[in-house]
Amino acid sequence: MEHFAIWVAAFLTMGIFSFLYKDNAWYKLCEAIFVGISAGYWFVTLFWDNIYGKFWVGKGDDSMLYIGAFLGLLMLMRLVPKIGWISRWPLAFIVGATAGFYLINYFSSNVMRQVEDTIMPLLGPDYSAGAYDIIGNIVIAVGTFSGLVYFFFSKEHKGAFGATAKVGIFFLMITFGASFGYTVMSRMSLLIGRLDFLFGDWLGMIK
Amino acid sequence: MFNCRRKSNGLCLSIFIVAAICSLSVSVKAQSETIDSTVVTDTNLVVAAPPTSVIASEYKYDDAEALELSWVPSIDDQLVDGLVLAYRVYRATNGGELEMIEELTPGNNNFTDHDLSGDSSYSYVVAAVTVSGEYSSNATAAISPEREWLNYEKKWLFLIALFITSAIMYFIRTARKKKLFVRKIAGLEAIDDAVGRATEMGRSILFIPGIQDMDDVQTLAGLTILGRIAGTIAEYDTKLFMPVSRSLVMTAARETIKASFQTAGRPDKYHDDIVTYVTDEQFGYVAHVDGIMVREKPATVFLLGAFFAESLILAETGNSIGAIQIAGTARPAQLPFFIAACDFTLIGEELFAASAYLSDEPRALGSLKGQDVGKALAMFVILIGVLATTIASAWHVEAMQTVVDTLSSVFSTK
Amino acid sequence: MKRQIPLFITFFVGTLLILSVFIPPMETLGEDFTLFFDIIAVFAFFLGGGNLVRVHVTKLMKRKPDWGFSIVTLVGFAFILAAGLFKIGNPGDIASSVTAEGSWFQESFNYILNPLQSTMYALLAFFVASASYRAFRAKNREATILLVAAFIILLGRTPFGMALTAWIPESFSIFQIPNLAIWIMNSPNLAGQRAIMIGIGLGVVSMSLRLILGIERTYLGDDRA
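Chains as they are written, first to last, in the numbering used here: chain A, 1 to 207; chain B, 1 to 414; chain C, 1 to 225.
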């Protein structure tokens, strides 16, 4: 049975890879299986975790659960054309909660925290930093400052302001390059993982 | 002696555990009653002084659910040749029996006890553990956790957030009277052309609002942008399709498109099949979108929302079919891939500004000016803070140190 | 009315969540919201899953191109729902975990879903290569900066990078590629990240406010609709 299952896995693996050549029936078959199985898999997991897990196992003793269920039922009102508009209530609830939650949390973690971390002595505590560290510290301060200038919306990027914004873009591009370079190797290892499955688990060529 | 053979290991272990628990409880009980009066009768005993000055106090700014415990460690708790192996914290609820609630490593001198109730009172004993047993402190006075209604620790967060939200609201109000200047954002300037191109070519437009649900603010940003451009798409009479990976996003996207088509005077062009649910699973969704991209060959692809590893798969496939691609996300790790594979990329903040920019509505544009005030404040604080802390630390200028301390306390989030 | 009530709900809930951060008795509101959301998402799946079935049944009935694959999707969907909800093939009784080894549900994950996911993910290796190639051909200054930084970081993470610049004397060791890569990550990269993050933070504040105040409201649909 396991042998058969490995053949299935290999068939699917190669079907997805075949997309790199061009779209074809093999890929379409894999895609169709993927969509059907994964959509159902997701729902089953949600059902056991959030409905069975919370209402049955957790005995539903938290009144909050029933508010959630009530909102969920309102959502299903969409299925009744005449009162479908009621489904906007839970939607409005979600949008309001998301906006409120993100507003203050992002402000704290992305604005306050980053400003706090940027305030540091350029020369290190008590002149202790080496030349490279000092340059690094200056680069951080200048880069953060000029990067923010780039994001200004209400002022045209002209003159000294425009020049600073250009420096900002320079830093942003280094940041993107660094992220890019950092990720390349890990993506290669994913491919190696799949090749390892094909040549090892399936074909048995790698022990 | 016991002969713990393999088969009776379980039994042996159980007996040992029961014996250990019994001796432990006896020793705790005895020691909690006769503190500081441990009599040394056996020279092999490792005796340690108990922790002293154990104080249970109110945990600040909580909902009557935590207490803070502090103590002076045992004088025998030393890094080198220390006798103390651990500290055990015991708690008595409403004058009941002591029960162990936590074991801490040596060197600790405080502990926060969570998940308590404001209706009960608690008393604590801290014991220093040595190889020979436990040496307990006096029990603390009984105390109940109290509820605080305001978290004063976050006062600066509140005040600065209030300042910036007020600035945004101020500009939203003033923008009604006077149109504010907003610089050009290349990716957004290109939207009309991108939609027009699809119309000219007689091909469709694909809109992907990321792979997260409605509880991610980036998805909301994607949908607000959709709201602005769907009207243009309706006016151009171009085909729009939008496979999504979340059921709620499907519902919200349908409402958004329906409203935009209505506003554009083309409600007849709307049908539910514009937005289809595929699967919640990240790569299952990507497999489908990739497939549909090469089959439908949309002329324009919008990728606006929260993206993860799939960003590059989608963007490269879009690129391979020659579509004009306008992307945007607030996930810094995915931005480089969009920049490499798309024609225009909205970087972070630009994604959130996009719908306001596109709306050309004064109030929305005003909010952009308001967030610039936030940036100006951040830049000002960084500038002053860096200069002050550099001068203070290199030349020990006290006035500068005061500035640094003030800024640190104001912006501290820890 | 159809629009006023939702706008009020958004305003009320949004404001409440902001204030909850500063009011200890309300501080669990964020967690409560997550709970609500998880439950609403399950109910909403009936709409999404229903749409999936409808789309594929329609395709099948109308014999649209590739309708045969719709049968595969529908069968796969029905199979996994049955296997997962009725715990078919589970070793032990119905009380055992749905993901118990040996169950049809778990085996489907191991031998169908997992290989599909991993392979789709692994396609990134090829796409990273093609994107790098394109970046390499880009002629403008920004793209060049991006590429140079990417190249240094990439080399810095390989033994080749060390070997290439090992000849540089110790006093200039910062120019050895692995050290340079670390410096780039810790200094200019960090600066760019911070500017982006502060910008995002303020962008979120502004957009959330527009939502809470009802300036952005297209997601609520139209009164006439």
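The set of hints was computed from the structure by calculation and includes no laboratory data.
Glycine included, every Cβ here is placed at the ideal spot set by N, Cα and C.
Warning: the hint list may mix true and false statements.
What the hints assert, rightly or not - Only pairs whose alpha carbons sit at most 25 Å apart, straight line, appear in this in silico SDA-like list of lysine to any residue:
no., chain 1, residue 1, chain 2, residue 2
1, C, K64, B, M201
2, A, K82, C, G50
3, B, K60, B, E146
4, C, K64, B, L83
5, C, K64, C, R54
6, B, K155, B, S412
7, C, K64, C, L85
8, B, K297, C, F46
9, C, K62, B, T276
10, A, K22, B, K269
11, C, K2, B, T263
12, B, K60, B, S121
13, C, K64, B, G202
14, A, K166, C, R54
15, B, K178, B, S359
16, A, K82, B, K155
17, A, K166, A, I134
18, B, K269, A, I83
19, B, K184, B, K155
20, A, K22, B, K297
21, A, K166, B, F181
22, B, K239, C, K62
23, B, K184, B, M379
24, B, K179, A, H157
25, C, K64, B, P243
26, B, K155, B, S359
27, C, K59, B, K155
28, B, K177, A, I83
Said to hold, decoys possible - Computed footprint of chain A on chain C, listed as stretches where at least three residues anywhere in the stretch have a Cβ under 8 Å from a Cβ of chain A:
no., segment
29, 7-17
30, 160-169
Hints and how they fare:
no.: 1; hint: K64/C x M201/B; in the structure: holds, 24 Å
no.: 2; hint: K82/A x G50/C; in the structure: holds, 19 Å
no.: 3; hint: K60/B x E146/B; in the structure: holds, 9 Å
no.: 4; hint: K64/C x L83/B; in the structure: violated, 80 Å
no.: 5; hint: K64/C x R54/C; in the structure: holds, 14 Å
no.: 6; hint: K155/B x S412/B; in the structure: holds, 11 Å
no.: 7; hint: K64/C x L85/C; in the structure: violated, 31 Å
no.: 8; hint: K297/B x F46/C; in the structure: violated, 30 Å
no.: 9; hint: K62/C x T276/B; in the structure: holds, 17 Å
no.: 10; hint: K22/A x K269/B; in the structure: violated, 33 Å
no.: 11; hint: K2/C x T263/B; in the structure: holds, 16 Å
no.: 12; hint: K60/B x S121/B; in the structure: holds, 17 Å
no.: 13; hint: K64/C x G202/B; in the structure: holds, 21 Å
no.: 14; hint: K166/A x R54/C; in the structure: violated, 51 Å
no.: 15; hint: K178/B x S359/B; in the structure: holds, 16 Å
no.: 16; hint: K82/A x K155/B; in the structure: violated, 48 Å
no.: 17; hint: K166/A x I134/A; in the structure: holds, 23 Å
no.: 18; hint: K269/B x I83/A; in the structure: holds, 22 Å
no.: 19; hint: K184/B x K155/B; in the structure: violated, 37 Å
no.: 20; hint: K22/A x K297/B; in the structure: holds, 13 Å
no.: 21; hint: K166/A x F181/B; in the structure: holds, 20 Å
no.: 22; hint: K239/B x K62/C; in the structure: holds, 20 Å
no.: 23; hint: K184/B x M379/B; in the structure: holds, 22 Å
no.: 24; hint: K179/B x H157/A; in the structure: holds, 19 Å
no.: 25; hint: K64/C x P243/B; in the structure: holds, 18 Å
no.: 26; hint: K155/B x S359/B; in the structure: violated, 35 Å
no.: 27; hint: K59/C x K155/B; in the structure: violated, 58 Å
no.: 28; hint: K177/B x I83/A; in the structure: violated, 39 Å
no.: 29; hint: 7-17; in the structure: holds (count 10)
no.: 30; hint: 160-169; in the structure: violated (count 0)
Violation of the numbered hints given earlier is confined to hints 4, 7, 8, 10, 14, 16, 19, 26, 27, 28 and 30; the remaining hints are satisfied by the structure.
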